[in-house]
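Chemist: Given these sequences and hints, build the entire structure.
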Amino acid sequence: MLRDYLKINDSDRLIEQSVLQLKNRGQEEVTEWSIVSANGEQKGRVALFDKLSNRRSYRVSYRIVQTDPQGKIVVDHLTDIL
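Heads up: the sequence shown begins at 0 in numbering that gives the first Met the number 0, then just goes up one per residue.
For the record, the hints were derived by calculation from the structure and aren't laboratory data. A portion of the hints provided could be inaccurate.
[As the list claims (entries may be wrong)] No farther apart than 25 Å at their CA atoms in a straight line, the calculated lysine to any residue pairs in the SDA-like style are these:
| # | residue 1 | residue 2 |
| --- | --- | --- |
| 1 | Lys42 | Ser17 |
| 2 | Lys42 | Asp67 |
| 3 | Lys22 | Asp79 |
| 4 | Lys42 | Tyr4 |
| 5 | Lys71 | Glu27 |
| 6 | Lys6 | Trp32 |
| 7 | Lys42 | Asp3 |
| 8 | Lys50 | Leu1 |
| 9 | Lys50 | Ser10 |
| 10 | Lys71 | Gly39 |
| 11 | Lys50 | Tyr61 |
| 12 | Lys42 | Tyr61 |
| 13 | Lys6 | Thr78 |
| 14 | Lys6 | Val64 |
| 15 | Lys6 | Glu31 |
| 16 | Lys6 | Val74 |
| 17 | Lys71 | Val29 |
| 18 | Lys50 | Thr30 |
Modeler: This is how it looks when you write it as structure tokens:
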């Protein structure tokens with residue numbers, strides 16, 4: 000589950016903001032959520048890159064990037080499974 004990789008509280012909600020379908024060779028899909036606390040305060044954003052294929056010696060299926068409200072990266076994780 001996506002929440003397992005994020006640094007958020009149990010009471011925080013993920014609200015989907017956008018889905019971007021990139022028409023490149025890998026047909027990558029980028030989904031973005033905003034992180035909202037129980038009292039409605041925006042706590043950051045999450046981006047999930049699907050079918051990530053890079054030119055390095057390793058290949059992974061997903062990249063998860065979490066940022067705080069100022070745009071600083073909190074989590075940047077590569078994984079094969081969610």
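Chemist: Each hint should be assessed against the structure and marked as holding or not.
Modeler: We went through each hint and held it up to the structure:
1. Lys42 <-> Ser17: Distance of about 17 Å is within 25 Å: holds.
2. Lys42 <-> Asp67: It holds: about 6 Å lies between the C-alpha atoms, which stays within 25 Å.
3. Lys22 <-> Asp79: This hinted pair holds, its Cα atoms lying about 21 Å apart.
4. Lys42 <-> Tyr4: holds, 16 Å
5. Lys71 <-> Glu27: The hint holds at about 24 Å.
6. Lys6 <-> Trp32: holds, 14 Å
7. Lys42 <-> Asp3: holds, 17 Å
8. Lys50 <-> Leu1: holds, 15 Å
9. Lys50 <-> Ser10: violated, 29 Å
10. Lys71 <-> Gly39: holds, 20 Å
11. Lys50 <-> Tyr61: Answer holds: Lys50 to Tyr61 is near 6 Å, not above 25 Å.
12. Lys42 <-> Tyr61: holds, 22 Å
13. Lys6 <-> Thr78: Judged against 25 Å, a Cα distance of about 16 Å means the pair holds.
14. Lys6 <-> Val64: holds, 11 Å
15. Lys6 <-> Glu31: holds, 16 Å
16. Lys6 <-> Val74: Since the Cα atoms of Lys6 and Val74 sit roughly 7 Å apart, the hinted pair holds (cutoff 25 Å).
17. Lys71 <-> Val29: holds, 19 Å
18. Lys50 <-> Thr30: Cα-Cα ~12 Å, so holds.
Checked against the numbered hints above, the structure violates only hint 9.
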